[in-house]
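Please take these sequences and the hints and turn them into a complete structure.
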Amino acid sequence: MLKVKETYCTITNLLPNTQYEFWVSALNASGISPPSERAVYVTAPSPPAIKTKKIRSCENAALVCWESRDINPVDSYMVELSKLTDEENGDIITESIIGIPNCEVLIHLQPTQRYHISVRALNLGGSSERSEPVLIHTTGTYFCLNEDTAHPLLAILDDGFTIACDELENPECDLPIYDNSFTRCIGILGSLIPFPGKHYWEVEVEEDTEYRIGVAFENTPRHGYLGANNSSWCMRHIITPSRHKYEFLHSGMTPDIRITIPPRRIGILLDYENCKLSFFNADIAQHLYTFNSRFQHFVHPCFALETPGILRIHNGIAMPLCTAFP
Amino acid sequence: MALKQVSSNKCFEGFQKVFEHDSTELKCKMKFGIYLPPKAETGKCPVLYWLSGLTCTEQNFITKAGFHQAAAEHGLIVVAPDTSPRGCNIEGEDESWDFGTGAGFYVDATEDPWKTNYRMYSYIKDELPKLINANFPTDPERMSVFGHSMGGHGALIFALKNPGKYKSVSAFAPICNPIQCQWGKKAFGGYLGSDTSKWEAYDATQLVKSCPDSHLDFLIDQGKDDQFLSAGQLLPDNFIAACTERKIPVVFRLQQGYDHSYFFIATFINDHIKHHAKYLNA
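For the protein sequence lines, the chains are A and B, in the order given. Counting with full-length UniProt numbering, you get residues 1 to 326 for the letters of the first sequence. Counting with full-length UniProt numbering, you get residues 1 to 282 for the letters of the second sequence.
It should be emphasised that the hints constitute simulated quantities derived from the structure, not laboratory data. Each residue gets a CB set at the ideal place from its N, CA and C atoms; glycine is no exception. One should not assume that every hint holds.
[Unchecked claim] Selected chain A positions facing chain B (in silico; Cβ < 7 Å):
| id | residue |
| --- | --- |
| 1 | L81 |
| 2 | M253 |
| 3 | D256 |
| 4 | I257 |
| 5 | I259 |
| 6 | T260 |
| 7 | R264 |
| 8 | Q286 |
Take a look at the structure:
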């Protein structure tokens, strides 16, 4: 209760996204009046927080998700974009998307541009302040690793793009296993934007590391090995006493291929339109192998280690010329 | 250098032609096939040389390989020469199918009675490209080579002996190490004499070991059911081992169920054309 002498009052320090009722009584020497009718107001929500580590993008789109900072649900969200140019009025909002019901949106963008994207929450009380913006580059494809899928023995290093495995003793071990994680194959899935067209990324490997890298459907069996089933496609490197051996696995089958220079940086091109998944030695622009497959669903990049070692993932790279192999 | 057109057939909107000319290297009349893609009508095109194998003429590749659609799509001129001089009336030239006529082995012979006419190395390296560039809308800076079996051996040695001349190279079931196989020993013995040190200059595996300066990206297809592979005539493992040692990039594909025939070539020719197009059209 607030005592005021004027016929107006400003009330501060209210909680965001909350409904309040206000009423007024008049007071004189004889006592208090009955209360007025109640006025109901809803305060505007707090600005959401964009999950910067979960942004996924490609040349033509971005998938942004965020979380609400209020306990109660809001009515909807609004996303605002500004395309960054080198001119002075660079930060003008160029597009708004309104009426977003969930905490996620797929936005269509133009290639090789930079955008600032921010989100506002909306309720009856109005719109929140703009969230902290995120910067998105539509150069190449950018994805993050899905930690929930990581085998317990697989560690993701601080940069978020290097995976490591120290020891292989007992892969079906006693460490906690989450529903979504790989249990036998020491692997992890990336979260690729579900968008058609072409996607390219590179993986830096070490000469003495055995690995499997490629793509897999979201529902690829977590107790399986990458490439051993029909929901995953991968390049596998094995070291035998006499040589480096390479397999290109899908449904457990591989062609018989010899590669004379062990690649240290492998380029992977996923082409939904032409139904191809291609692997390149990115250092010398050498094409290694192409799977021809009509992907029935969107896929995610997948990575697994079979000996102790590390894999470094590089993305947000424009497609090199050597991938113009049609 | 007068060219006489022998035949012309429209194919995928381009033309498959055969020409005949008097060769100064081989001292006889020689034929070659040339496919001119639709793009050649309006501009200069890169040239891809195909070298055929034992017993072939300029006809086999142009009628059986099924390369025209891919060549048209990528705008490549494809030249398919014959595999040896013809009609020279050299004694013994028709005695075997793997020596003499149809078996030039892409060398410059030093022994009699072959040394006057059997100069396929110089013919393919110098005379033929000069003739092609003078008479057709070619881009002389953009040239690549590929071939089958003996022609695969030819493609490998031309690429290795002439760094920078060819933008790309590939082969189907090539004879990779002729000094170690029966075919090679017979041919080199006959054309180059008994001093085996003179044979090494025409052996792809040896060339890799001794002058490994190749930045070329080799694509090789080999049928797993190829009778000549199991007979030890092709020896790709030796070439692969040498390239691994010398860090020369090779992708070697062993194709399940395929033999030595043009059916095998026709199956994978598109991959090879695309491989060359990537470098020739860059």
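Cross-check of the supplied hints:
1. A hinted interface residue such as L81(A) counts as satisfied when its beta carbon comes closer than 7 Å to some beta carbon of chain B; here the least separation is about 36 Å, so the hint is violated.
2. Look at M253(A): its Cβ only gets to about 10 Å from chain B, farther than 7 Å, so that hint breaks.
3. Because the beta carbon of D256(A) sits about 4 Å from the nearest beta carbon in chain B, less than 7 Å, this interface hint is met.
4. Taken as an interface hint, I257(A) checks out: its beta carbon lies about 5 Å from the nearest beta carbon of chain B, inside 7 Å.
5. Using the Cβ-Cβ criterion of 7 Å, the hint placing I259(A) at the interface with chain B is satisfied: the shortest such distance is roughly 6 Å.
6. Because the beta carbon of T260(A) sits about 4 Å from the nearest beta carbon in chain B, less than 7 Å, this interface hint is met.
7. Taking 7 Å as the C-beta contact cut-off toward chain B, the hint placing R264(A) at the interface is violated, the least distance being around 12 Å.
8. Because the beta carbon of Q286(A) sits about 5 Å from the nearest beta carbon in chain B, less than 7 Å, this interface hint is met.
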